[in-house]
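K.L.:
These protein sequences, in sequence, are chains F, A and L. Its first residue numbered 1, the first sequence is counted upward by one per residue in our numbering. Its first residue numbered 465, the second sequence is counted upward by one per residue in our numbering. Its first residue numbered 748, the third sequence is counted upward by one per residue in our numbering.
Hints in this document: simulated from the structure, not taken from any laboratory. Honestly, I wouldn't trust all of these hints.
Anything over 12 Å on all C-beta distances counts as not near chain F; from chain L, calculated [to be verified]:
# : residue
1 : D776
2 : E795
3 : S809
4 : D876
Not everything, but these chain L residues come out facing chain F in the computed CB check (under 7 Å) [to be verified]:
#  : residue
5  : G917
6  : P975
7  : H978
8  : A987
9  : P1040
10 : A1044
11 : L1047
12 : T1116
13 : S1121
14 : S1124
15 : M1136
16 : S1137
All C-beta atoms in this analysis are idealised placements derived from N, C-alpha and C, irrespective of residue type, glycine included.
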Amino acid sequence: MEEKKSIGSRIGAFFRWIGRDLADIGITFARGDWKTRISFLVVGLGQILRGQYVRGISVLCLAAAMLFYIFGFGLSYLKDILTLGTQGRGFNPDGTISLGDNSFLILLYGILTIIVILALVLVWRINLRQNREAQELLAQGKALPSNRKDLYSVLDRNFDKTLLALPVLGIFVFTVLPIIFMICVAFTNYDYNHQAPAKLFTWVGLENFRNIFSIGGEGYGGTFFTVLAWTLIWAFFATFLNYFLGMAVAIMINKKGIRFKKLWRTILVMTIAVPQFVSLLYIGKMFASDGLVNAYLLKWGLIQKAIPFWTNPTYARILIIVINLWIGIPYMMLIATGLLMNIPEDLYESARIDGANSFQMFFKITLPYMLFVTGPFLLTQFIGNLNNFNVIFLLNQGRPQSMNLKGGAGYTDLLVTWLYKMTINDTDYKMAAVIGIMVFIVTAVISLVVYNFLPSVKDEEGFQ
Amino acid sequence: MTRKKHISNAIVYIVLIVISVIWLFPFVGLALQSFRSYISEFGGMVNYLIPKKFTLDSYKFLFSGECQFPRWYMNTLIIAVAATVFNTIIIICVSYALSRLRFKGRRALMNIWLVLGMFPGFLTMICLYFLLKMLGLTQSGAVPGLILISVAGAGMQYYVCKGYFDTLPKALDEAARIDGANRAQILLIMIVPLSKPIIIYTALLAFMAPWCDFVFASYVAFGYSASYNVAVALQQWVWTNDFQGYFTRFCAGGILVAIPVTILFMCLQKYYVEGVTGGSVKG
Amino acid sequence: MKKTLSILAAGVMAASLMAGAAVTAYADDITIWVAEEVTDFTKEKANEFLSSNPDFSGFSVSVEPVGEGDAAKNVLTDVEGSADLYGFAQDQLARLVSAQALTPLMGDNAAFVSENNDAGAVSAASMGDMIFAYPLTSDNGYFLYYDSSVVTDPTSLDQILADCEAAGKGFYMEINSGWYQTAFFFGAGCSLSYETDEMGNFTSCNVDYASENGVKALKAIIALAESPAFHNGSSASNAANCAAIVSGTWDSSVVKDMFGDNYACAKLPSFTVDGEAIQMSGFGGFKLMGVKPQVDADKLAACQALAQYLSGEEVQLARYNAKGWGPSNLNAQADDAVKSDVALSALAEQLAYAIPQGQYPNDYWSLATSLGDSVISGDYKDASDETLMSALQSFQDSCISYAK
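So that you can see chain F by itself, here it is in the shape it has in the complex (with noise of 0.2 Å):
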């Protein structure tokens, strides 16, 4: 498949292709009409005097309207991404504030204006080819598309544009955009000491890297590898424990002769229906020091201290991968059930006379089936279970911290809680997105070592 091809001839075809298409522009260039060559100028003035107003018209409003962003706005912010302001705010004699450059505003914008330019001359190269074909089809003597035609393909032959453009407009301006930013702000000392729009902030290179990997003394990590191994850990158990508890659970609910089977699903089911924002917050303070938990073992003579549920690292480690058994087991309940039934009867039969007992027959015919089925499903599941939010944070919010530890973590942090932390209570942005990107080089590892290995890998297209 395509992922043999080694990146280095990857590179090489890039440019060959950049080679052939500035060949293909020049080609367009000499042998154009003059209503061609005029569109290298003025985009889409070729095609609405060949009368494709339909075409011409929207190729020149968009160039229009990015042009006017370029120059109207753009170019004064891009002029300044190299330092990303020097001009800093201060108080006027009155007491009211001057304002100055805004770092976060000039990175913003100036990455935009990037990126428009770069549309900019897609556009352009776009116009070049409609003329060129419409400019090849006049010469055969044959008819140009109708504006009708044009209009009608929306719906038709070009459905898919029509389809995919707000979805993509809407996945580039709200994620694409941002996530450049941020990867930007790892580079930088955006950060509670630089804060715009007060301070600058500038360009450090690769010092907030150094800074995540750099153990001892004041360096971020021994903190960094300490949370990342809980991730791993916790989202090992997170996803094996729920998947075998969970297929557990269904195999109980489905067994013949079990009767109320709906309403056991449904007193599970309730546990995804439940904002968790209601119930993990409840479960959190049962398992407080002073909390239900605690009150009920004290007065039933079961325990003489209060467990420090929440305040030892291990116990706080443990008990979210129990509590979180609450949340996962009914998901992977409701799955399992659905596969299960489509395990052929027969094959359990013919263990059945060959005198295999229920456990056998689980770890013969069951298991091997549901691990090839739910391949796929696990691993977005173990992805999932790295970036689990809500478990986490709305449980203990990650504590406890510990002298072991900088940056404000806890034991029971995850790599992305820990970022939301430093996002929120500390505006520590640059670290924020150092530990975003190394949360992006895990999964992609992960998924891609992963995926490798999993049988099931099929060609999409032979599956339809």
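Given the coordinates of chain F, work out where chains A and L should sit on it, guided by the hints.
P.N.:
For chains A and L alone, kept in the frame of chain F given last:
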């Protein structure tokens, strides 16, 4: 043989009953706390389960003039309904395009979205806030702002729905095309009616998410209580030192949030199961 | 039309972004953030002020409940989007000044603050030589609330713990907070303070936690954490099994509900280390009201005048009468009702042992939580003096590293 079966069934019943008690306990606890009066008993945390006297004081407070609870409830409902409608439409569009249409860059688009999904959502919170602020959709405009963010990101949640579309036979499309239908007509007339379960599943998920959004919603609506949703408002009753003795009122609010969502979920459970099961197998 | 729809939409988006950025309207609405408890009170007073001052007739106010403990967290997210006037606990002053979220007070405004308030309040509102906020209260300190049917001797920590244990009740103190921890460290004779400049920077740190006294204090905290009656916490409404709690005046009404007729207050108890009894010390803190930097001079004037009014003698007294907040204004402090308040007199008694809270960097609070959590989770259980000393040494080194 039957004796053995009876014993094993009995064990299973016992286990299921124990599980049910554990699973229901927090909800029962929550409900019981909500009936404790914050006026005549104590509004904060206590270490006993059953209130000394059952009252509706906490509920009355929520609907008294002192508290904007009805407003927060409406905000959440508006966000949830709008997100349901728009997210579902967007997810159907994306799923249809990726499942049925073949165009240049299709694989690349899916891969890019896959990669984007690997970044943690909280990373971009501050940037999203300022993007929304530029559009005037923070603080007093937080409700439409939250809808916009939800809808803008919906396209990436196409997996389950696309997986379902993949299972519908392609011969249907071809037959319709022979009859002269364009692609838009095929989507509206053929695919959508056949996909009722998955559409309901998608809508249900979109509807439930805003009820639990306390992180980003509080970030966007900060300091403007008329734009809070229920999760933002209620969690600060527990976490902010400012609100002393609000615990029973939190429980009452939580119950009022949980009841309609739970009922809706129970009614549509069948579709939810179909969605998660189908989704988990396709991956 | 080919391949252009999505790009067209991108253009629209870009244009609307630009349009949004171009709009910078300055409304005549003055927004105020205060604690939930005084939201209605503040709204009423602010409206009274505006209606009696024709100069500011063009302005209106809107008041939102935003906790004073979280004000900085909210303000720092987006200074522009935050309230024009906001109340906050003084520990956040440095961060706010550093982020230019406060207008420095000059001339008459500065004189108003320094002439009318007690010295501690003035220094709490200052960074370097500059005053940045209007003091609202001088009661942001802590003392002991107890249930007189359980606690027999509120002057001794050991006795309180013994009484609580015997009754199966709890003693609450938030020892993983840098604010409450100082009760032990300062009591044992340690000090920790910072010098600041007018930009909100910390220039130097004066600390001697890594000392014999520091070890004594830490030992006392460790011993407290091991008591079965101990619970970490300072919020009365979250204290489910409480017979004694170290908290401040803001909790008084909840504690009254909780203890009923047995409600009682006292200065903090003394703790015993190696046979020596040491009186707890701690912080005496202040609540402040700040004015957000303004571009418009008229609005700034209105905000300053309103802040002066809301922090003046009349309103401070009214706030005491309505909500029990202890005034920072010297004349208001001299009022008879204020002088005879139970909670406030316990606080006043404690303040004799406490140290007016200066400025501390944000990292200090987080570091102190780490130390407290380490103690509570048993990291230092049965630790030798050397271990404790090295822990305190690293604590001290970190404290020093925050000043530069």
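K.L.:
Now tell me if each hint is right for this structure.
P.N.:
Hints, verified against the model:
The claim that D776/L lies off the interface holds: its Cβ sits roughly 18 Å from the closest Cβ of chain F, which is beyond the 12 Å cut-off. Every Cβ of chain F is farther than 12 Å from the Cβ of E795/L; the closest lies at roughly 25 Å, confirming the non-interface assignment. Separation of S809/L from chain F is adequate, the least Cβ-Cβ distance of about 22 Å exceeding the 12 Å criterion. Non-interface call for D876/L relative to chain F: holds, since the shortest CB-CB distance, roughly 15 Å, exceeds 12 Å.
The interface hint given for G917/L is met, as the beta carbon of that residue sits about 6 Å from the closest beta carbon of chain F, less than 7 Å. Checking P975/L against chain F by beta carbon gives a least distance of about 4 Å; that is within 7 Å, so the hint holds. Taking 7 Å as the C-beta cut-off, the interface hint given for H978/L holds, the closest approach to chain F being about 5 Å. Taking 7 Å as the C-beta contact cut-off toward chain F, the hint placing A987/L at the interface holds, the least distance being around 4 Å.
Taking 7 Å as the C-beta contact cut-off toward chain F, the hint placing P1040/L at the interface holds, the least distance being around 4 Å. Taken as an interface hint, A1044/L checks out: its beta carbon lies about 5 Å from the nearest beta carbon of chain F, inside 7 Å. Among the interface hints, the one on L1047/L holds; its C-beta lies about 5 Å from the nearest C-beta in chain F, closer than the 7 Å criterion. Among the interface hints, the one on T1116/L holds; its C-beta lies about 5 Å from the nearest C-beta in chain F, closer than the 7 Å criterion.
The criterion of a C-beta within 7 Å of any C-beta in chain F is met by S1121/L, whose closest approach is roughly 5 Å, and the hint holds. Evaluation of the S1124/L hint against chain F yields a held restraint, the C-beta minimum of about 5 Å falling below 7 Å. Here the hint on M1136/L is broken, as its CB sits about 13 Å from the closest CB of chain F, past 7 Å. At a threshold of 7 Å, the smallest CB-CB gap from S1137/L to chain F is about 10 Å, leaving the interface hint violated.
Hints 15, 16 from the list above are not met by this structure, while the remaining hints are.
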